[in-house]
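K.L.:
Chain residues, written in single-letter form:
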Amino acid sequence: MRYLLTTLLILSWVSSAYGQTGTYRVIDRATGDPVVQAHIKSGEESVITTTDTDGYFTLNPEEYPAIIITAVGYQTRELVLRSGSGTIYMNPAIFRNDSELVVIAGRDNQNNVQAYRRQHQAETMDQFLDKIDGLSANRRGAFAWEPVVRGESDQRMNLMIDGMQVFKACVDKMDPITSYVETNNLSQLHIDKSGSEVAQNGGGRSSVNLITRRAEPGPLSVNVSSAFRLPDNYRTFSMSGSTSDRDGRNAIRFSGSYKKADDYTAGGGRQIKNTQYEKLNLNLSYRHRFESDHTLEANYISDKAYDIGYPALLMDATEALADIGQLRFSFAPNDRNWRMDFIQVYANGIRHTMDDYSRDVENRSVMGGMHMPMYGETLTGGLRAGGRGVLLNHSFEWFLDGFASLADGEMEMNSLDPGIEDMFIDNLRDVNTRRANIGLKHRFMLSDKLLFKAEENIGLKTVTTGSDQYASFFEGLYGRDVESRPRFLLSGSGSLLWMPADALSFSGSLVYSERMGNHMELFGHYIYNYTDGFFYDGNPWLKTERTINADFNTTWETDAHSVSVSLFRKQFYNYIDGIITEDSGATGVRFKRYANTGDAVITGGEFRSLNRFSHTLSIENRISYLFAENRSLGEPLPLIPPLKGSSILHFHFGKNKLMGEAEWAAAQNRIAETNSIEDKTDAFATLHLTWERSWFDRSVTSVLKANNLLDSYYHTHTSIGNVPEAGRTVMLSLRYAFR
Amino acid sequence: MIFLRWAGTLTALAIFTLFASSCDVNNSSEPDPQLDLIPIESVTVDGYTVSLESDSNLETGANLLYWKVERNGDLITPQSISINPMMDMDDMMHSTPYEQPEVAPEDDRYFSNLALFIMAGGQMGSWTINFDITLANNETISGTLPVEVESSWRLTSVRDENDNIYFITWLEPEKPVSGNNDLRFMVHTRESMMNFPPVTDAGLDIYPYMDMGGGSGHSTDFNAPEASGSGYYDGSINYSMSGTWTTSVTLTVEGETLPDVMFEYSVMAN
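If you read the sequences in order, they're chains A and B. Under numbering that gives the first Met the number 0, the first residue of the first sequence carries the number 0, and numbering increases by one thereafter. Under numbering that gives the first Met the number 0, the first residue of the second sequence carries the number 0, and numbering increases by one thereafter.
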């Protein structure tokens, strides 16, 4: 009897235990093939298990009711497991050449030639972006570098946060929106250098989309990090954490960071005045998963920066405030022919205040003898949606995107001479931008090795001012009545991917796009362009700028070695640029007006290789080059970086990682002299060294980083005003992860 | 019942329409609410009170004068008003460019006219305006109103080689604001101390400029004024910012280019 009872108890326990475990299979939705080595995670970073060679994994759904599945080449999937077994479909991700998936953190196996990894936790967004092939930064000092993709910045690239349009408030472009997302709040970067993702990104322009971290189901986890750097006394403290209820239905994540720096020192010990800054960033994210597997997410970013020095400019920013909020509803995956995957509504407000009260305005060459406090503000609201559809047995993705934005900017000029009356300028007055786009994306598997993708987008855009008096300035300038003229903007792309072997791929894309001038090109007034020192007036009658971009990439990739080469050529028609005003009768100030200046071309390429010689030693090389010319003027476009590159040696042993980096750039002798005022830039090379070590079972990580070891004095060609880069710096950062 | 409801509704609509239309009729005779005048001077002659009003204190340059005649507090509409401004400088007297009053288009209770005072009153002399008013009963009342005329930036003068003097009056923009403004000048010359005819065929070149101090300054976009008849010259000026601006004017009369003259004034933010 006792035996029987014991046997029954054991059988009961075993039966119960087996009942709690489910077996699932992960399948490629497009091909039906199993997805191998997919990571099954309970939270953002904790991997529970991986799929086997047949795509199977087993899991206790009661222990892990909500999971995240990630796999290289597939879109991340989140779902709530039901008891028992089941099939989980994964959607293939994007073309490798079109939109590079840049992984910032996490344990994903994304260390490939198409991915970039943040080198250490204290690396800033500016530093990280600047190291990606094809990207560079227009630098104005230590803070908020302006990202540039293949020579195109600002109005010619689409910079987004979670797909949201966020517009700078500073008419002098001192607040690129990359400054509003800290790296501890960054999940991924989607960079579309060719602009071929026209369906989703609209204008066919190069795009950078900063994907923020979301609240994920999982146990409580907290990360705390801090860093200190000499000699600029840069100090930062950041904290992030996330948790959810047991079934993962409600999850919350927060992150915050504070950083402050004094003036930095260039090579040779020269202190660069007005390079200080102070910044606070907060992010709060909440996610609710419904019984139906639909999810609702709310996300809010608050970024406050103060006392930001800009040595290259006439003034400094005293306050830069950003409030960015969004709601996103994601529908549970289903196999209906017509479906909506997500809908997102968002709103943001950016405010930027500048002045030159701490500057020696009496002796400066431009606008001397006066203070020029400035204020700018943008308010933007928008809606995005996306899904899939089937028509005549053809499946495609669709995207809707619409927004409205209001921009205002003004500047006072208060002369030191009490006999001169205060002056006031509206740089932007009640300027409204409205845009609505619809895009379609199609994929055609021409064979098992050949894939063709086509995307098209049509948009309707208006830019106008609600102030008749402000409009009258442009009417007087050009002798025409300002009218709100909606314009249809078309863009389309075709991409071909050929994989003759598992390790080798060739791809090419052709993109046509149309771009209407932005609010500053059309309705900006008396706007100082720090890149050439001219004051610009907008032109509401600018023709649409058209672009044709051809892009080619080949990638050879094995576990140990990989090489990627990209070549592109972008041809502009009706290129929008400033032309010098013939007779402004000015002294001490120079004026330009925006106009369609003719044709321009930007061509170039990027090379990247990864060589893993052993588990401990690997080397990475990057080279990029740009050639850009205004064909009508027959001279180079301004602010084009020269041939540049870097080589990084990684050495791993035990809990230690050593990284040595040599960064270099050739001299830039191709400069814009007619339509801009550039000077040549010397070549330079710098060395950086990083030592990272984990402690206490990897819960603590320390990073010791020495930049510009040789204390070289140099500046990049894209440094505005030839402000030199920082000399030798030493930084120690510590990170503690609590789980 | 339905018929009664419809009848009631129609009656209400009819009353409303009648009320609305009668309001329109009354409104048409109401004074222009935009006319915001201040009293300048008044005098009572033979029981009639003659009042001079304007939208601001009188100053050198162009002034719109509004005339009102009352008797026992009731407004009188005269047949005509004739005026003659006069500057008494003790050793000499002179008039100034002006037009004769006519019924004010913006308010028919008033007569109005343009007067361009060529100098300020004060120690140099004093201004009076002589008037003759013909009433509806053909009775005429005459009198004199002393007026104060302040100095302003809106008038300047220049002489040619033959010592002929030309008065250049800034008419518009009356209150310059940032953005595009209509620009209007009047040019008069002096044939005698009592006769200041308009100059209708001169050429005007202008050059606006803002001195921002510290060695910085610039012009702005403009269309040079062209003669539009009766001594008026019309163009436009596009102020890029508020602050103190100058506009130099070069007058060319019968082929002779006269020395530059300068207007200096404030442009307001819009």
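Be careful, since some hints might not be right.
Simulated DEER-style distance windows between Cβ atoms [unchecked claim]:
(1) A/G418 - B/T249: 20 to 28 Å
(2) B/T249 - A/L459: 29 to 37 Å
(3) B/S41 - A/Y356: 35 to 43 Å
(4) B/W152 - A/T586: 22 to 30 Å
(5) B/W152 - A/P372: 47 to 55 Å
(6) A/N721 - B/G254: 37 to 45 Å
Worth flagging that the hints you see were computed from the coordinates, not collected in a lab. Ideal Cβ positions, reconstructed from N, Cα and C, are used throughout, including at glycine.
K.L.:
Within 47 to 55 Å: is that where the Cβ-Cβ distance between B/W152 and A/P372 falls?
P.N.:
Between B/W152 and A/P372, where Cβ atoms are some 28 Å apart, the hint is violated.
K.L.:
Using the beta carbons of B/S41 and A/Y356, state whether their distance is inside 35 to 43 Å or not.
P.N.:
violated, 53 Å
K.L.:
Falls inside 20 to 28 Å, the C-beta gap from A/G418 to B/T249?
P.N.:
holds, 26 Å
K.L.:
I want to verify a distance hint. Is the separation of the beta carbons of A/N721 and B/G254 within 37 to 45 Å?
P.N.:
violated, 55 Å
K.L.:
Range hint 29 to 37 Å: satisfied by the CB atoms of B/T249 and A/L459?
P.N.:
Since the Cβ atoms of B/T249 and A/L459 sit about 49 Å apart, the hinted range of 29 to 37 Å is violated.
K.L.:
Is 22 to 30 Å right for how far apart the beta carbons of B/W152 and A/T586 are?
P.N.:
holds, 23 Å
Hints 2, 3, 5 and 6, counting from the list given before, are not met by this structure.
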